[in-house]
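Novice: Here is what each chain is made of, one letter per residue.
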Amino acid sequence: MPEAKRPTVDEVLAGAVHTIENQLLPNLEDTWARAAASQLMGTLEYARGLIAGDEHVDARVDAVEGVIADLLRDHPGLEAMLEGSEGETRGFRVLDQASRLLSHAVANDSAEADAIREQLRPLIVQQATDTLNETMPMLTAFGGRPRRVER
Amino acid sequence: MLNVEVARPQIAAYLSAKLSTDDGVEVGPLERITIGHSRGMFRVNASYRQGGEAVERSFALRVEQAGMFGTNTLDEVRTMRSMRAAGFPVANIRFVEFDPAVIGTPFFVMDWVEGSSGPPNDAALRDYVTKLHELHQIDWRKKEVPFARIPSVPIDAVHQQVDRWMDVHRWGRVLPEPLLEEAATWLKRNAPDDLHLTLVHGDPGPLNFIHKGDEVQAFTDWEFSHIGDPNEDWLFLGGMRGRGVMEPPQWREYIADVTGHVITKETWAYWDVFNQFKGACANTSALRIFITGANPAPNMAAIGTALKLSMVQHLSTIIGMSYAREGE
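Those sequence lines, one after another, are chains A and B.
The numbering of the first sequence is this note's numbering, which starts it at 1 and goes up by one.
The numbering of the second sequence is this note's numbering, which starts it at 1 and goes up by one.
Certain hints may be false.
[Unchecked claim] Partial chain A-side listing against chain B, Cβ under 10 Å, derived:
(1) M1
(2) L13
(3) L24
(4) L28
(5) A36
(6) M41
(7) G91
(8) L101
(9) H104
(10) D114
(11) L132
For the record, the hints were derived by calculation from the structure and aren't laboratory data.
We put the beta carbon where it would ideally sit given N, CA and C, even for glycine.
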């Protein structure tokens with residue numbers, strides 16, 4: 001297992017959060033500055049979560065691509081919905097295709113629309129929820145609430 | 001992003017050029033007004049001599065932020081001046097500047113309105129809701145409304161606004177957001193039948209009006225305004241911005257009590273989705289502004305990701321429930 005350079009990115013980020021919380025926030029008077037400091041702590045906590053996990057979307061794109069392939073196999077008529085779909089990246093193209101299929105399902109009452117709602121939509125909702133949870137430290141810090149440090 | 005210390009002498013020089021003074025304007029430290037994220041808002045305390053008399057005067061400085069929420073200074077200024085001309089309580093705009101040479105970004109300067117944008121008392125809240133209702137009653141066809149797009153029939157307004165917000169989202173996004181694309185189609189296909197065309201403020205609620213005592217002094221934050229259905233405003237107030245005051249069911253009753261405007265549960269749910277969609281699309285712009293460095297402040301990162309996603313989750317839940325009902 002490779003040995004990390006020290007201090008690690010996480011140690012630096014943790015130190016920054018601690019410093020903002022304990023040394024900067026208690027001495028900030030301005031409301032906007034206090035909110036910004038709290039929000040900065042939230043972004044640093046998000047960054048800590050990011051480097052501890054997976055910073056890339058590839059696995060999620062793979063999963064969406066797999067479900068779309070299944071849908072197209074079972075409902076070849078859906079191919080027409082994806083004509084002209086493109087993007088600079090694979091992730092963009094796959095999510096554009098998912099967008100087209102979800103929109104198609106809104107406007108149609110059919111077996112293929114049901115399949116989109118039953119197979120693709122739950123995956124997209126779950127991925128959005130996962131991303132929300134990853135970014136949650138920023139949301140909880142958004143209101144500028146100091147955590148342990150109260151004035 | 002405006003550097004307030006760099007901007008201070010520039011604002012002083014600007015006001016010296018604009019105001020008729022004996023020997024120029026001195027400006028105190030700019031005070032950041034801690035509301036809103038669409039614009040940088042500052043109180044500018046100016047002092048100067050005029051005809052030998054010393055003058056102390058405050059202004060509100062509203063600074064554009066790199067396309068935040070897909071809005072711009074020109075549209076907002078035009079709307080505010082139009083509303084003020086119509087007799088609505090809106091701050092007087094003194095100066096508008098588009099030349100980036102001044103402070104690097106468009107801005108405008110308003111007369112300072114005394115009062116608070118914090119929690120209103122009961123009477124001020126009632127006055128606000130009454131005035132919002134009055135805004136919806138204005139015969140806009142007889143006024144000079146500055147909007148670039150005027151819907152011909154009510155359903156056009158829904159389509160125009162859905163497209164408008166989708167464009168903002170697509171400007172700001174890194175990757176497509178399938179649930180927002182789905183929502184755009186859902187909103188167009190599920191619009192209520194009883195739509196109306198009125199002036200819509202677009203961003204009403206606590207923090208976006210100034211009150212003093214029992215009365216509203218000014219409506220602020222006009223950058224989302226347009227011609228559309230008034231329920232968009234009522235849900236923005238009761239379903240989003242006003243939740244710190246009371247919960248949505250209480251808002252629905254309160255609005256009916258104060259204005260006589262009754263909103264069915266179905267209509268409420270539709271405009272709830274609409275406003276969550278609008279908010280999510282608008283918030284996506286913050287992501288672009290953050291990652292391009294136009295404004296690398298942490299609130300931009302939070303708005304463009306977590307705040308947006310919380311709205312996506314909310315609206316996708318309601319749409320999912322509508323599918324479940326259809327399937328029963």
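Novice: Indicate, hint by hint, whether the structure satisfies it.
Specialist: Against the structure, the hints:
1. M1: violated (32 Å)
2. L13: violated (13 Å)
3. L24: violated (13 Å)
4. L28: Violated, because the Cβ-Cβ distance from L28(A) to chain B comes to roughly 12 Å (cut-off 10 Å).
5. A36: The hint holds - A36(A) has a Cβ within 10 Å of chain B, the shortest such distance being about 6 Å.
6. M41: Hint holds; M41(A) Cβ to chain B Cβ min 8 Å, cut 10 Å.
7. G91: holds (5 Å)
8. L101: holds (8 Å)
9. H104: holds (8 Å)
10. D114: holds (8 Å)
11. L132: The hint holds - L132(A) has a Cβ within 10 Å of chain B, the shortest such distance being about 4 Å.
Violated hints for the displayed structure, listed by number in ascending order: 1, 2, 3, 4.
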